[in-house]
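Residue numbers (the numbering used here), protein chains in the order written: chain A, 1 to 159; chain B, 160 to 296.
Heads up, some of the hints might be wrong.
What the hints assert, rightly or not - On the chain B side, residues computed to face chain A include the following (Cβ under 8 Å):
| # | residue |
| --- | --- |
| 1 | G167 |
| 2 | A182 |
| 3 | S232 |
| 4 | N248 |
| 5 | T260 |
None of these hints come from the bench; they were simulated from the model.
Owing to the predicted nature of the structure, the values given are computational and were not obtained by experimental measurement.
We put the beta carbon where it would ideally sit given N, CA and C, even for glycine.
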Amino acid sequence: MKCVFTVNVDVEAANVPDGQKHLIRFRTGRVLNGLASLNTEGLEALKKKSNGKVKPIAYFPIGTIYESPAAWKWCENGMAKPFDDECREAAGMTDADVDEAHRRFVRDFEKGIQPKDWALYDAGVIVGYRDDGSYEPGPKWDEYQEALAKAREQEDDDE
Amino acid sequence: MAKNRSKGVIFSQEISAVYTPIAQLTTLSLSGAAALTYDSTTLDGGAPKTYANTGYAETPEFSAEAFYDAGLSGHQSFTDLIETPAETNFRITHTNTGATTQTFATVGHKFDLTFAMEDGVKGTIGGKVTGTSNWPT
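Isolated chain B, as found in the complex (with noise of 0.2 Å):
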């Protein structure tokens, strides 16, 4: 057991089989996972409403605020997947003692820009997991 640093995290986007790291990223979130439920009360039931499993799982999204540099490559391959969609591969590397690596698809990639006068320039990247997230075991 340990409490691990958020600092040394790594995310990799998948270009041409090679897991590049993304770089100059100030946060990065993967949400809204859940086991999908059902609201299983019945009128014969007690007063508090029960739940179920569906068996189906929601996946989460993914998202990630950077330092944006139009002028770099790693910057440009994720937008990439904006003007021409596909299907790509992300890899967390956790900053536990034995780097567990977390590899997920992704579909439905989006990016905001903001340009602040009290602030660098910062790009904010996301999108939509699809199939298994693989969470650690």
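Okay, chain A solo, but in the shape it has when bound (with noise of 0.2 Å):
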């Protein structure tokens, strides 16, 4: 079965089978930071300039298509959508599944949002973390701010 992968995903590339070798990319670094992306001949300029000392890591790219018996638990772990029947029937997972399942792989990992603020996340108060760890604001970070001030006035009318 096969399925797409909808994030950057690092790949053990000794064990990529024979026929899908060619799928494989290699990195110098965190994909997510937008650092360069190399192919095999791209990589092995990049070894010779730096003497060595690069330390690539593989992976495969948003897009590759991968024929595996494991595709459909890349799906459910919203790295992947099905890209065939076998896949799709596997997942037993609809489009909407997909989609929230991606949505939530990109919170947990590309994010990194603590199951802490999930719901402010979730909710669009939040976008992230700043390098600080504060937060990052949403587009409805305003909103949440006004109504904690409000509950806040509340509380102190009550008292």
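Both chains come to you apart, so use the hints to assemble them.
What follows is the structure, encoded as structure tokens:
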């Protein structure tokens, strides 16, 4: 069965089946931060230039179609979408389920949102964290702050 | 040099060559790695005992606690390793700026499940690293 990855995924190059090794790309850092993506030739050139100090990480970029008996698991995990009926059937997910799983994957792993902040992220109050750990405001931030202020005023009035 | 947060660390299990992040982890540890020594103290030596390296290294055990979801394939993939033991690669993606990765092969996988009145359902996974731990260099 086949799936198509909706996020960049690290792979163990040696264990990718021979017929699919051509799908592998290499990176030298976090793909999510937009660092260079290289094909095999590019990697060799970079290794040579850096005197072998570069430590390449093999990965499949977004959009890679991969055939594996485990394809449905990555759909359930939010990393991929079914590419054929076999995978769709094994995953047993509607398109909405697949989208929701992907949204959760982005929230949990790409944005690194902590469980205590899931409600804020899901409601659009925050979109992530700044480098200092504080909240990165989302589209509903101001609305949320106003609601908090009103709730505080109400508490003061009640006292 | 930087003080990196634990928040954002990713622990992935290799499934069919793809490193698949394990969801809902709350802790992760890798402990017990050590260069092994032997007692090299001699009768004609000084008072303080001495030790020397054997040339071997003890590999660490990994352990991670998660809010366990029995219906999640990502969690089932780990417990599959208990029913069908198999040497399996795991990867830590560190939280430093370069997102350093550390990959190691593991065996002897184990799982503890806890239901407690004042907590969510928790599962603790663990295993033994075999061969190099690939500590970042």
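Hints, verified against the model:
no.	hint	in the structure
1	G167	holds, 4 Å
2	A182	holds, 6 Å
3	S232	holds, 4 Å
4	N248	holds, 6 Å
5	T260	holds, 6 Å
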